[in-house]
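Chemist: Chain by chain, the residues:
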Amino acid sequence: MRGARFYGERDIRIDEVDPPEPGADEVLVEVAACGICGSDLAMYLHGPPTEAGDGQPYVMGHEFGGTVVETGDAVDVAVGTEVVVNPLVACEDCWCCEQGTYNLCRNLRVIGAQRPGAYAPEVAVPATNVVPLPDGLSPALAAVAEPITVGYHALRQSPLRSGDSVAVIGLGPIGLGLIQLATDAGAGPVIGSGHRAARRELAEACGADLVIDPREVDPGERVRDAVEGGVDVAFEVAGRESSFNDAVTVTGAGGHTTLVGVFEGDIEFDPMDFVDHGRYVDGSAAYQTGPLADRDFGPVIEKIASGALDAESLVTSRIDLEDIVSDGFEALADREGGEVKVLVQP
Amino acid sequence: MDAALFYGIGDMRLGEVDEPTPGPGELLIDVAACGICGSDLHFYEEGLGREVEYPITLGHEISGTVVEGGDDTELEPGTDVVLSPHTPCGECWCCEEALYNLCRNLEATSAEPGGFAEYVVEREANAIPLPDGVDVQDAAIAQPVSVGLHAVRQSPLGLGDSAAVVGTGPIGLGAVRFAKSVGAGPIIVSEPQAARREVAGAFGADVLIDPTEEDAVERIHEETETGVDVAFEAVGHEATLRTAVEATRAGGHTTVIGVFGDEVAFSPQELVRHQKSMSGSTSHQLGPLVTDEYDVVLRQLADGELDASQYVTSRIDLDDVVTDGFEALLADDNQERKILVCP
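In order, the protein sequences belong to chains A and B. Sequential numbering from 1 applies to the first sequence in this note's numbering. Sequential numbering from 1 applies to the second sequence in this note's numbering.
Derived from the structure by calculation, the hints contain no laboratory data. Here a beta-carbon is modelled for each residue, glycine too, at the ideal position from N, C-alpha and C. Hints should not be assumed to be uniformly reliable.
Derived coverage of chain B by chain A (criterion: at least 3 residues anywhere in the stretch with Cβ under 8 Å from a Cβ of chain A; other residues may be distant) [as the list claims (entries may be wrong)]: (1) 88-100; (2) 247-258; (3) 261-275; (4) 279-287.
Just need the whole structure built from these sequences, with the hints factored in.
Modeler: Here it is, written out as structure tokens:
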């Protein structure tokens, strides 16, 4: 079969690869759609490639839904089940797994990074990692559940409660999902900040009460005009120095910032922003997995199926595998472009 | 009366000033002791960073005896007290939420003049009577020790948790003492100065690391297998902040107490990948809630759990505040920790 593999900076090739064979406790999923993630994009633009044991890169792609077409001997899931896949594979043996924090597994392997992923027609995954879909949610659209679930886990980890004011710094799919989730949780005002005009418009449609272009106005000042003292909670969903500092300084004294974005390398910040103001920051790592693989995914897919969350409006393009570079990665890299979530349909 | 007059960077001299007079609600206090704080040293070296009419008198870690009270005061002359250093404004939104240490309008020092003087006037609301068994000079350490206490109370540190304290000057020592009080263990300290490391052991630390001899993060991970539950950064440098954050386990917390002069380089991915957290802690409760923390410290001084003689390295006369106080602490080979000026 053909799969998209990642060789290095701006070097993705569609190769003939061996079709996957599920092990005894695994299932084979026929991929309906796989989304391109910001972290994939970062790897595409900056490297390095992921490597398998034989020196060849893995097929990438970790945000996907599909149908179970084959099962290993030791598996309960029925062939034909439509699923979204939780791509984090926990060892269930290290101290983090023993404590139930499977997303912090010391030996975590990600489907699409440390084992073959879903920019391909089929992928083998542990049976533990498939989450059956409720009626009314197609496997293709379910691929968008993954980034929304990242935001959901972060929101549940944060102290955000009904009535709290909140800022979301970074308006990619995870940020846009967070705006919807925060609104759903009763927060307000909900403030979004992002560089791309198309995403700011989408943020308003998702429920943001105020959107900011951080290149035009200082987010801290603008937020304090809207909310006395600053917001209760902020989410950093871009992974850059400027967004980190914005996400801290838009909160009030005693405020809480949750980092969701993936950061590459160091940033510069002023610790007195924390010391003098009693502020708090934590990092959120993806979502629960292992035996709890549906702990975060479950509520999200229910909310998409019921219409409480709008996943469809986050999808700006559906493309073929063969066009993954031109219409996928390169389109997303264009910061003036209007792409938000691009789904690859292999 | 005599007072140490600060004229500007590097220029402090003893001078004669009028003895202050207590107004309504205020007390005149005969200063027993006033500690020299790192922030005092910072002002001495860099100036105040805000508009002031020089000369002024520094010093906010003050204890002493009530001499007389203005109208509407209750404390009797002869009462030994320790002072809270600042008066929250009571009107900003932080004060409304009882986050008095985060008051948006905090003055530098509430006592008039500052504590490096023979007498000060202070609002009675900021004067806490000492329990029996607390030496009036020793009580001056309540303020700096409370900074460490507040940091421990703000953190998630609880019974059975492991802790690391990076930097055991006067602030870090307070964190060690109260980490021990809440039942944390092991308590692991990283501190390059031998004397400070040893006294951290006396204050309750279980493992003492010299970071100039070994890698503190590696050693802490060896001692705990996973990393500590909570780390405290009590220095204010880029490298020690990294040490503190990297010393914590996945899901662990770092409380930053140190005063930083500059921006620092930092890896947020350390927080994201391992779901770690970090917060800042400043000063201690103030205003009506200052006794939340001062009472704990005073009780520990009274029953001997907190040993002021281990915390204070020198007690000096007001006359010697510059030579034996400020200049001694700023010297390259400084071995002092907390110096009390006893006018």
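Chemist: Compare the structure with each hint and give your call.
Modeler: Taking the hints in turn, this is what the structure says about them:
| no. | hint | result |
| --- | --- | --- |
| 1 | 88-100 | holds (count 4) |
| 2 | 247-258 | holds (count 5) |
| 3 | 261-275 | holds (count 14) |
| 4 | 279-287 | holds (count 4) |
Of the numbered hints listed earlier, not one is contradicted by the structure.
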